[in-house]
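Chains as they are written, first to last, in our numbering: chain A, 1 to 444; chain B, 1 to 444; chain C, 1 to 444; chain D, 1 to 444.
None of these hints come from the bench; they were simulated from the model. Values in this document were obtained by computation on a predicted structure and should not be read as measured data. Accuracy of the hints is not assured; some may be wrong.
A pair counts as met if it fits within one copy or between any two copies, since identical chains are not told apart.
[Said to hold, decoys possible] In the DSSO-like style, the derived pairs of lysine-lysine whose C-alpha atoms are separated by at most 30 Å in a straight line are: (1) 91 to 343; (2) 84 to 164; (3) 262 to 415; (4) 305 to 415; (5) 84 to 381; (6) 256 to 84; (7) 267 to 256; (8) 176 to 381; (9) 256 to 175; (10) 175 to 267; (11) 415 to 360; (12) 84 to 360; (13) 383 to 84; (14) 84 to 305; (15) 267 to 176; (16) 84 to 262; (17) 164 to 176; (18) 381 to 175.
4 protein chains.
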Amino acid sequence: MLTARLVRNGRKAFGAARTFSSLPAEAHDVASPSPDTRPAYSHTPAGRNHLFVPGPVNIHDSVLRAMHVPGQNHRDPWFPEFYKKCLSDLKMIFGTTDGTPIIFPGTGTGGWESALTNTLSPGDRVVTFRYGLFSHLWVDMMQRLGLDVTVIEGRWGDGAYEDKLAEVLKADTGKKIKAVCVVHNETTTGVTSDIGEVRKTLDAASHPALLLVDGVSSIGALDFQFENWRVDVAVTGSQKALSIPTGLAMVCASDKALGCMKTATSKRVYYDFADMLRLNPSGNVPYTPILPLLYGMEQSLNLLKEEGGMPAVAARHHRLAEGCRAAVAGWGLQTLCREPRWKSDSLTVIEVPEGIDSQKVVDIAYAKYNLSLGIGLADVKGKVFRIGHLGNMDELMLASALCGAEMALLDAGVKLTPGSGVARALEYWRSTARVIPTREGLMQ
Amino acid sequence: MLTARLVRNGRKAFGAARTFSSLPAEAHDVASPSPDTRPAYSHTPAGRNHLFVPGPVNIHDSVLRAMHVPGQNHRDPWFPEFYKKCLSDLKMIFGTTDGTPIIFPGTGTGGWESALTNTLSPGDRVVTFRYGLFSHLWVDMMQRLGLDVTVIEGRWGDGAYEDKLAEVLKADTGKKIKAVCVVHNETTTGVTSDIGEVRKTLDAASHPALLLVDGVSSIGALDFQFENWRVDVAVTGSQKALSIPTGLAMVCASDKALGCMKTATSKRVYYDFADMLRLNPSGNVPYTPILPLLYGMEQSLNLLKEEGGMPAVAARHHRLAEGCRAAVAGWGLQTLCREPRWKSDSLTVIEVPEGIDSQKVVDIAYAKYNLSLGIGLADVKGKVFRIGHLGNMDELMLASALCGAEMALLDAGVKLTPGSGVARALEYWRSTARVIPTREGLMQ
Amino acid sequence: MLTARLVRNGRKAFGAARTFSSLPAEAHDVASPSPDTRPAYSHTPAGRNHLFVPGPVNIHDSVLRAMHVPGQNHRDPWFPEFYKKCLSDLKMIFGTTDGTPIIFPGTGTGGWESALTNTLSPGDRVVTFRYGLFSHLWVDMMQRLGLDVTVIEGRWGDGAYEDKLAEVLKADTGKKIKAVCVVHNETTTGVTSDIGEVRKTLDAASHPALLLVDGVSSIGALDFQFENWRVDVAVTGSQKALSIPTGLAMVCASDKALGCMKTATSKRVYYDFADMLRLNPSGNVPYTPILPLLYGMEQSLNLLKEEGGMPAVAARHHRLAEGCRAAVAGWGLQTLCREPRWKSDSLTVIEVPEGIDSQKVVDIAYAKYNLSLGIGLADVKGKVFRIGHLGNMDELMLASALCGAEMALLDAGVKLTPGSGVARALEYWRSTARVIPTREGLMQ
Amino acid sequence: MLTARLVRNGRKAFGAARTFSSLPAEAHDVASPSPDTRPAYSHTPAGRNHLFVPGPVNIHDSVLRAMHVPGQNHRDPWFPEFYKKCLSDLKMIFGTTDGTPIIFPGTGTGGWESALTNTLSPGDRVVTFRYGLFSHLWVDMMQRLGLDVTVIEGRWGDGAYEDKLAEVLKADTGKKIKAVCVVHNETTTGVTSDIGEVRKTLDAASHPALLLVDGVSSIGALDFQFENWRVDVAVTGSQKALSIPTGLAMVCASDKALGCMKTATSKRVYYDFADMLRLNPSGNVPYTPILPLLYGMEQSLNLLKEEGGMPAVAARHHRLAEGCRAAVAGWGLQTLCREPRWKSDSLTVIEVPEGIDSQKVVDIAYAKYNLSLGIGLADVKGKVFRIGHLGNMDELMLASALCGAEMALLDAGVKLTPGSGVARALEYWRSTARVIPTREGLMQ
């Protein structure tokens with residue numbers, strides 16, 4: 001039995017996708033590919049895979065390089081200073097100076113869990129919103145952890161309804177609600193809720209509930225004001241705006257949140273803040289850290305700092321998103337998010353016309369143009385596709401995604417004027433382009 | 001204020017280890033280092049860091065290469081076949097064909113948690129052993145998760161006492177004990193407990209308790225027989241024998257263990273087997289996988305397979321360990337583990353003579369020879385140092401560690417005959433060396 | 001004195017571009033860049049540098065990975081088989097089975113030198129064409145090596161004039177001309193000469209002159225028929241179509257050319273075929289090979305083989321070029337090459353309208369869009385810019401170059417309809433796109 | 001026909017080493033290797049290849065990382081400042097401030113050629129020494145370039161005989177000798193000639209001949225005083241002391257040497273200094289540079305600077321060599337070089353006892369211990385083996401080579417006391433070890 005080859009972006013592996021015991025060995029000669037007999041996806045096209053899902057995102061080559069390191073001992077004496085710097089550097093993306101960042105080896109899902117279990121007890125009442133798959137999954141987690149969850153349902157494509165939250169808070173005369181949980185940027189729908197308004201709503205109700213925020217696809221890309229918005233726990237993951245591989249769950253906790261650890265009876269060990277907080281101040285960790293990812297994080301943060309910090313980074317994301325939205329308008333299509341104030345600068349979720357299956361658009365993009373777009377998930381499956389433009393991204397990269405999406409849309413049967421989208425995006429980008437710092441001399 | 005430089009193995013970073021506002025900028029010119037004014041550990045020596053802690057371990061260069069990949073979309077259609085292959089390939093190191101492997105983004109600590117929360121409920125009675133820091137930490141986790149823990153205490157340097165377990169089981173006439181938990185290889189002390197004997201003890205008592213095993217520093221290096229020993233959950237982590245960076249918690253569960261999921265009321269979401277088992281059969285995952293580490297794992301497993309599979313791998317570890325132990329004997333020192341049947345082939349823990357602080361040996365090794373040894377932890381702090389020889393390791397690598405350890409021992413004031421240790425190790429290795437496969441032609 | 005930072009694609013280095021002795025150290029904090037005081041080009045923008053010069057070209061990530069190897073000994077016994085395979089594999093791109101490939105550590109310029117010195121003697125008469133900078137430089141080399149060079153001058157934008165060659169050959173009644181030298185693809189002008197027609201011209205004149213061909217920017221990308229065209233020495237370099245870094249000069253010699261070595265009195269040592277041919281058959285080399293580049297070459301050739309070999313590779317280049325030319329037409333601009341049969345599929349050289357400096361287009365593209373285009377060289381400086389599309393390239397990559405070029409053209413004052421170029425390219429590519437092998441299942 | 005696998009250090013490639021058409025496909029399953037049917041050297045052992053040949057040498061991991069870069073355009077505007085810095089940084093290793101460094105894409109052999117052809121004309125008389133394969137090859141090159149070569153023959157194991165040179169110079173009453181050529185460090189024999197004494201000999205004879213020096217295996221490792229010794233052209237290559245891959249030929253020329261370019265009639269183009277010198281001052285190059293190697297060179301030079309510059313680097317090499325020589329004495333063997341003042345600090349060449357074939361030692365080291373030692377070349381084939389310890393090297397690395405060499409010597413039948421060599425080396429290193437800079441705090 002010959003083993004079949006699997007390829008992803010030029011990597012070949014011996015897999016067991018199919019068996020070929022009855023085929024001559026020659027069938028597997030790479031020099032003469034026989035499509036009929038090869039396992040699925042075993043071909044490496046020239047060029048590159050064009051990655052435009054809303055995470056994992058494109059990793060800067062200097063970040064990849066920073067992660068290519070030999071095995072190292074985190075108990076060697078250099079480690080503590082390095083780790084303290086890692087924690088300190090993270091504050092920038094949360095928009096905080098007083099918050100306490102914690103890094104877990106894990107994913108955003110783990111970050112969610114840590115936010116809930118370190119501050120709440122089974123039976124505690126929490127209020128949250130559901131307007132997409134990720135907010136749904138967080139609700140599911142809350143329920144499984146034994147919380148008493150009040151869900152404010154919303155249209156998939158809308159953000160957090162502050163008025164409905166106000167009603168719920170008003171009705172809670174006994175101030176029994178322990179926490180309000182909001183997904184800042186819903187990656188299913190391309191919607192960025194307004195956390196500042198949520199905070200105002202809490203304040204208007206003089207409600208003491210904690211404010212727990214999923215910033216997985218916003219923090220590091222969009223404006224995030226941990227301190228001004230008085231967020232209590234914010235959660236993000238490394239494979240989104242920070243543009244490194246998956247594997248770090250990064251949270252930031254307020255003093256108020258940390259104070260809740262004493263009374264929160266949810267059982268927790270791996271994701272317990274307490275073990276981290278006991279050791280982090282001296283630069284230590286309770287279990288082995290993922291060194292390569294920390295090096296990648298350091299370099300990624302260096303790039304964000306060099307760009308001018310979060311205001312500059314958020315401005316870049318807005319400019320990229322505006323170009324993308326101009327293209328959607330040029331095509332005569334609509335984003336799933338209708339409300340301008342909620343349109344996400346991290347990703348754009350595009351509705352396909354009635355009668356078209358958006359999965360087909362995504363499949364064609366991958367099959368013909370080596371372009372990876374985000375599919376429609378759950379309730380909007382088949383109805384939308386998603387273009388991620390967060391993290392390590394520039395306008396020519398995004399332009400190539402628009403080019404590929406346009407071809408795939410046409411191939412899928414969508415009626416649109418060729419070039420209509422890209423032209424609009426380019427005009428927007430051209431009219432707003434600035435000279436890259438240090439290259440000013442070339443423009444004279 | 002100038003930022004100070006931190007270096008770990010040739011990587012420089014701008015850190016805040018010290019400030020130098022009153023120093024002239026010239027002080028930081030790399031061409032003329034001024035030791036007095038430089039931050040700690042900011043120098044990259046020629047050669048390499050010699051890494052001999054019992055994890056993280058030396059990563060094979062082909063594994064590092066396999067992990068250097070662009071961002072990729074795990075929802076692209078090639079992923080499911082790849083992931084199914086990852087799970088299937090893992091069975092080899094567990095020694096199973098029927099067990100169910102699960103991969104979490106996390107660490108061994110997370111693996112521990114998953115083993116407990118998926119099979120047990122708060123209040124359940126478990127029996128375990130404490131003979132080192134890691135078994136201690138697992139006990140601590142059990143207690144924090146609300147289990148009723150019976151701890152069989154042992155000398156640090158001994159393994160699991162089967163006779164004491166037999167007594168406990170015998171006394172449990174109502175078969176209330178739900179699980180027996182054993183750390184297979186205690187990394188604090190260099191002791192490998194005998195899981196086969198533990199199983200026999202359970203069988204002799206006709207006790208139905210689950211057998212949960214921490215194989216973090218054994219699985220992938222030492223003989224492990226998931227099926228023969230009827231282990232119910234086995235746990236390991238990627239940065240140990242598999243010789244890839246930290247970040248994957250790998251567990252293997254028996255059908256009996258999986259059956260316990262229905263009744264186990266411990267709350268769990270991130271580390272819930274159920275979400276994995278719902279999606280894994282179709283090659284999917286409930287949250288983003290760490291692709292680079294999966295590629296590293298795949299290549300690491302390829303290397304183990306090429307070596308001849310686990311019997312050959314375990315034999316290599318035994319041979320390396322025997323050489324190391326010969327060196328210890330040559331120096332006139334003792335291993336912390338006295339019982340031959342428990343001596344670990346993953347690492348060797350060496351007692352220093354009375355009056356010597358083992359921390360000094362480790363510090364000298366790092367400060368003068370760029371050699372990273374394992375320090376004595378907790379109860380054996382200052383009394384022992386540890387040489388890790390698991391994972392991607394060969395005899396000439398380990399020989400260099402013995403050379404460095406000998407110099408550090410002498411520097412620290414230990415009386416020993418120069419060359420006495422290395423000579424013994426080399427003689428052992430020479431007398432047992434085999435020709436590397438495919439190089440036989442050179443020996444004619 | 002503080003050293004200034006230089007950056008190229010995210011790499012920082014301490015350079016001496018400027019000194020800042022009078023500036024406060026804070027000016028260099030990466031978190032608050034002060035453009036006025038930073039050295040030129042010291043900024044790393046988000047995204048990536050978009051590389052579209054006609055060499056060096058974009059390197060496939062699997063090729064970069066293949067080159068990331070530790071130091072290795074080329075006298076170890078595995079080397080000879082590997083090197084023989086390297087030489088054998090190279091035949092594919094030359095289009096030969098009988099030719100003798102030789103690999104020198106060097107560049108295309110070195111390959112030129114080897115072609116001349118191994119076959120000719122000072123004073124020998126050669127005929128060649130000059131229609132761009134590279135053909136000019138080869139003429140210069142011939143003259144410096146003491147050859148008697150007859151140059152057929154051509155318009156920059158035209159290819160080899162076969163009729164003029166016929167005249168020269170006809171006039172050479174004594175058959176004194178020893179070689180005809182042709183640059184196959186002139187990278188200055190985007191012109192591919194017709195080597196098959198040159199061969200026919202030689203045959204028609206029954207002329208025995210050697211046919212020496214510079215295939216630096218064609219071989220590995222375009223149709224090249226070493227055997228059918230009876231080329232005697234063909235020359236290429238690694239950083240062009242093979243898409244690996246500079247450093248390998250690869251030549252292929254006919255038996256006729258090798259026969260000339262005996263009589264050729266040009267002095268040569270480093271670039272002598274003889275030393276190579278003495279050792280290569282046993283897999284050895286006269287001086288140290290560049291192992292990482294050989295590994296890169298091997299992987300690059302694997303990718304070309306997997307694509308279906310040179311017919312498929314040449315077809316891809318043609319399709320990319322046709323799309324690019326459609327865009328040029330859409331903009332209302334012209335390629336420097338007017339004759340359809342000579343239009344290069346490796347690169348497109350575009351004339352800017354009167355009154356526009358093409359250097360400005362290139363500078364704007366780099367300064368604002370991080371796009372590297374080729375400048376106009378020598379006689380066409382300021383008049384043209386160049387888009388390279390050879391090597392590791394796909395349509396979405398090239399689309400992004402067209403997007404950037406359009407914005408830069410508009411910024412530079414060229415009148416064109418926004419979107420006019422990209423739309424035409426996309427329509428061509430869409431109408432000619434095929435499903436990537438192994439992804440057919442997605443299209444059902 | 002199945003293709004066979006070749007492996008070098010964990011890299012697998014599809015090769016044609018053997019064919020297996022009659023074997024079942026299962027024979028190639030990596031999980032069950034069948035030594036009899038596998039092609040030679042197709043196995044990747046655990047650990048690493050231990051590389052101790054005198055070039056190529058071990059590459060620092062930070063240098064490997066620095067070279068892992070995307071394709072880049074050397075005509076982008078950042079390049080000139082970078083390249084000027086490269087040239088300027090190189091001066092350190094030559095020991096010059098006034099000399100002119102030039103970097104060619106090529107090897108040391110190319111550097112030799114450039115030194116000769118840029119300063120001399122066919123028929124010019126030169127004097128040189130032959131005491132090993134490399135000095136022999138340089139003589140051969142001189143003869144092929146048409147020079148009139150006077151060779152002072154020496155024992156293989158001796159250095160440049162200054163007294164014989166004095167005689168030759170004295171006899172040259174007409175001062176017809178144009179150049180004296182010396183291989184500084186003969187890599188065949190482990191001999192470092194005394195260039196300072198050669199200079200004194202020239203001065204004593206008031207002879208105006210140029211002094212051309214091959215410093216391929218010395219420059220960057222050993223003391224080299226371009227200015228004090230008034231060297232006219234010095235040559236080195238990247239894969240030796242600089243510890244990067246092969247591919248850069250680096251030369252340094254005095255003003256006197258540059259003055260000879262006008263009159264030197266040797267034909268030269270690729271290796272012509274003139275093209276370089278016309279463009280280098282503005283940071284440009286006449287043909288494409290090898291960017292990754294330049295980045296590697298930059299990082300390698302950074303490491304040497306950080307170490308304290310050439311005095312510190314040379315001191316490290318001396319200390320490593322002294323330890324190696326102590327081991328040789330401990331084994332009761334002799335170095336091929338007998339004269340203390342000539343013993344090389346770059347490599348040690350060790351004579352095996354009568355009746356032992358040194359090739360066998362090298363083969364056993366590779367076949368059993370994955371240790372790459374240097375073989376005996378040409379006249380000393382079978383009589384010596386070589387341990388390279390130049391470049392990126394520390395004492396524990398070299399200790400592992402001594403361990404492996406000892407085992408291989410014993411296996412080959414050499415009588416020696418086990419441990420006798422390593423013990424002596426360790427004692428020397430221990431007694432001379434210094435604390436690594438910035439780690440002083442650990443020693444308190």
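Indicate which option fits the pair residue 84, residue 262 if close means a Cα-Cα distance not exceeding 30 Å: within, between, both or neither.
-> within (24 Å within a copy, 42 Å between copies)
Check residue 175 against residue 267 for me: Cα-Cα at most 30 Å, and say if that holds within a copy, between copies, both or neither.
-> both (24 Å within a copy, 26 Å between copies)
Indicate which option fits the pair residue 84, residue 381 if close means a Cα-Cα distance not exceeding 30 Å: within, between, both or neither.
-> Between copies only: 24 Å across, 43 Å inside.
How would you label the pair residue 91, residue 343 (within, between, both, or neither) given a Cα cut-off of 30 Å?
-> Classified as within: same-chain Cα gap 25 Å, cross-chain 46 Å, threshold 30 Å.
When no copy is specified for residue 262 and residue 415, does a C-alpha distance of 30 Å or less occur within a copy, between copies, both, or neither?
-> neither (60 Å within a copy, 52 Å between copies)
Status of residue 175 relative to residue 256 across identical chains (alpha carbons, at most 30 Å) | within (16 Å within a copy, 45 Å between copies)
Up to 30 Å CA-CA - residue 256 versus residue 267, copy category = both (19 Å within a copy, 25 Å between copies)
Is it within a copy, between copies, both, or neither that the alpha carbon of residue 84 lies no farther than 30 Å from that of residue 164?
-> neither (41 Å within a copy, 44 Å between copies)
Should residue 84 paired with residue 360 be assigned to within, between, both, or neither, using CA atoms and 30 Å as the limit?
-> Between copies, since 25 Å is at most 30 Å while 48 Å is not.
How would you label the pair residue 383, residue 84 (within, between, both, or neither) given a Cα cut-off of 30 Å?
-> between (46 Å within a copy, 29 Å between copies)
Using 30 Å as the alpha-carbon threshold, which applies to residue 267 and residue 176: within, between, both, or neither?
-> Both ways: residue 267 and residue 176 sit 21 Å apart in one copy and 23 Å across, limit 30 Å.
Quick one: residue 164 to residue 176, C-alpha cut-off 30 Å, is that within a copy, between copies, both, or neither?
-> Within one copy only: 17 Å inside, 50 Å across.
Figure legend: structure checked against the earlier numbered hints; hints not met, in rising order: 2, 3, 4, 8, 18.
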